[in-house]
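Undergrad: All chains, full assembly: derive it from the sequences and hints.
Protein chains in written order, with the numbering used here: chain C, 1 to 304; chain H, 1001 to 1102; chain A, 2001 to 2258.
Don't read these hints as lab results, they were simulated from the structure. Here the structure is a predicted model, which means the values were calculated and not measured. Just so you know, even glycine gets a beta-carbon here, dropped at the ideal spot from N, CA and C. Incorrect hints may have been included.
To be verified - Label-pair restraints from in silico Cβ distances:
| # | chain 1 | residue 1 | chain 2 | residue 2 | range |
| --- | --- | --- | --- | --- | --- |
| 1 | H | 1011 | A | 2214 | 20 to 30 angstroms |
| 2 | C | 298 | A | 2172 | 54 to 64 angstroms |
| 3 | C | 68 | H | 1011 | 37 to 47 angstroms |
| 4 | C | 293 | A | 2017 | 44 to 54 angstroms |
| 5 | A | 2098 | C | 183 | 56 to 66 angstroms |
| 6 | A | 2126 | C | 293 | 44 to 54 angstroms |
| 7 | A | 2172 | C | 184 | 56 to 66 angstroms |
| 8 | A | 2098 | C | 274 | 27 to 37 angstroms |
| 9 | C | 249 | A | 2013 | 36 to 46 angstroms |
| 10 | A | 2098 | C | 245 | 34 to 44 angstroms |
| 11 | A | 2126 | H | 1017 | 20 to 30 angstroms |
Chain by chain, the residues run as shown.
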Amino acid sequence: MTIEFLFEPSTRGAPAREGASRLPARAGLGLKPQHFAEILATCPDLGFFEIHAENYLVAGGPFHHYLGRIRERYPLSIHGVGLSIGAEGPLDVGHLDRLAALLDRYQPQSFSEHLAWSTHGGTFFNDLLPLPYDQATLSRVCNHIDQAQEHLQRRMLLENPATYVEFAASELDEAAFITEIVRRTGCGLLLDINNAHVSGVNHRRDPQAYIAALPLAEVGEIHLAGFAEDRDAAGAPLLIDTHGSPVAAAVWDLYAFALERLGPTPTLIERDNNIPPLVVLIAEARCAERWIESVRRDRAEVAA
Amino acid sequence: MNKTPTLTTLSATALALALGTALALSAAPASAADDKEKCYGVALKGKNDCAAGPGTTCAGTAKADHQGNAWKYVPKGSCEKTASPTSPTGLGQLAAFKEKKS
Amino acid sequence: MSDQRIFAAALLDPDAPCPAGLTAWNGSDPIQRFAVYRNNVIVSLINALAETFPVTQELVGEEFFRAMAGVFARAAPPKSALLAEYGQGFPAFIERFKPARGVPYLADVARLEMLRVRAFHAADADPLPPDQISQALADSERLPALRVTCHPSLGVLSSRYAVVSLWAAHQGLGDLARVEPGVPETALVARVGLEVQVVALPPGGDALVASFLRGLTFGEAAALAASAAAEFDLTANLALLLRYGVLTDLRLPAEVSP
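TA: Rendered as structure tokens:
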């Protein structure tokens, strides 16, 4: 299988990773219908917007009306939440067709999906369900990513998951599993820092070591979000990836750690629950941009 | 098969009269153009996202909810304000539903 | 059974044991961790239904609605990843759901709300331009043979209940206490520009629109509607359809399809 990837010169991105995504190395926000009109009226200075693909796999109406206008003004990332790449069953070709049409219509600078499954036996569970990290799963996930990249005629980014259980059947650790997927399929990586933190706490592993073990040269985008805290049956902290609160201090620290290794990287502030006014999210995006700027300055000084 | 020879049709005169009058009546169309963009709220939010739910305790593990013979909820909403056509009192029948165990 | 099949079945069945092979670093019972997935599946589906059926929820209250939606979600989880389409079977489920039978109009209010979501996301189309109607009127001999095309967002619901008035009273239009639920109403649902409108169709309007959708000619549809409802008023129905931009084309059958 061969795929020709589009490479576009980036003025401000990290040259080594131009192929991973074509988003600008700035901060962006998840696009929410509550904010459509305000975005068009005020045109806030943001690097990009990101949508969940499945919300826009509809024929017409306000969602396409507003997205079309916002796309004229901003770079776009399309983030799938329903392809079920980790499913035991085959990928839904009809879903791939609809995704292809959406990508064709909006020409996003990035397309990403999750290392998870959400469909089985024709039922969609609307959740990102966990996978054992064994050889059979590895080969199935790689086949599905090959198929998706071929069908969509583009490189995709794969997001590291937030998980609440582990599997006795796992043979590889998560970072090694993802590294092997990237090596075999040529896909890029969407590094979700919140997921790295959440899974780190939930499975008591060092999130810095986890990030350092990933193929960072292939990271095309970063996600930042908030989590909620619960407890497992033994009373140990169990973090839930709710996207319902501001980015936590520990996640900002981990972001800084990652950026030092990555250089300036497109960064999304994700908020899907308890959605605040747009200005609140813009302020969070500014915070991410200050980190990106700081890393860019440091790199420029080293180079000079 | 949706056309049969016996299907009647209204006369051209009757149709013209109705359509002409309707056109005049509808002269102020309800469909406004894009110039009023900011007036349109988007009523629906997107339902697909990749966030997780509320943790370890709540509906997903509650067992009572899905047992028909132990239904414990009573409609307690705006329906209490409406008259119920099937109720002998004329008001909503809002007692808890209890299915007979067979 | 495959691993994912066992995992999937246990997600929807709170009585099922925790799938085998799940572990936690501290050796804690994985059932508590698995519950995060169970909750997320059910709660997210209930939330999706609550967003599609807000008036249905208001009518019976949040507690009753969410419990009822949970029973539905377990019995009929989505078949598609497009949650905007989820809930098409919910009105029929409500109709059969015995604890809700004290609110007999609930299922039809839910049908109306599903039509609203469908209309919201339906394909775009421009309403029939007035000059095209004027042209048709200028050549009125051809009127009976013309074919009428309707907007893709159009939905019609004929109810034994006052479904439009009940719905409108929850939008601040009218007093709910004054609505007679047992008065039959026919709802027209259509997207006008970017907004979904709900309006009561005059008698016979449902037959007229259904005939348009079946591909009958203008003359046949009008005659059929007149025979379906004694009080059928063609002018009033057409005025309403034009005002809401529901008619998108009007031409001879030969010109309709390529």
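Undergrad: Look at each hint and say if it fits the structure.
TA: Structure-based check of each hint:
no. : hint                                : result
1   : H:1011 - A:2214: 20 to 30 angstroms : holds, 21 angstroms
2   : C:298 - A:2172: 54 to 64 angstroms  : holds, 56 angstroms
3   : C:68 - H:1011: 37 to 47 angstroms   : holds, 45 angstroms
4   : C:293 - A:2017: 44 to 54 angstroms  : holds, 52 angstroms
5   : A:2098 - C:183: 56 to 66 angstroms  : holds, 57 angstroms
6   : A:2126 - C:293: 44 to 54 angstroms  : holds, 47 angstroms
7   : A:2172 - C:184: 56 to 66 angstroms  : holds, 58 angstroms
8   : A:2098 - C:274: 27 to 37 angstroms  : holds, 36 angstroms
9   : C:249 - A:2013: 36 to 46 angstroms  : holds, 39 angstroms
10  : A:2098 - C:245: 34 to 44 angstroms  : holds, 40 angstroms
11  : A:2126 - H:1017: 20 to 30 angstroms : holds, 26 angstroms
In summary, this structure violates none of the numbered hints.
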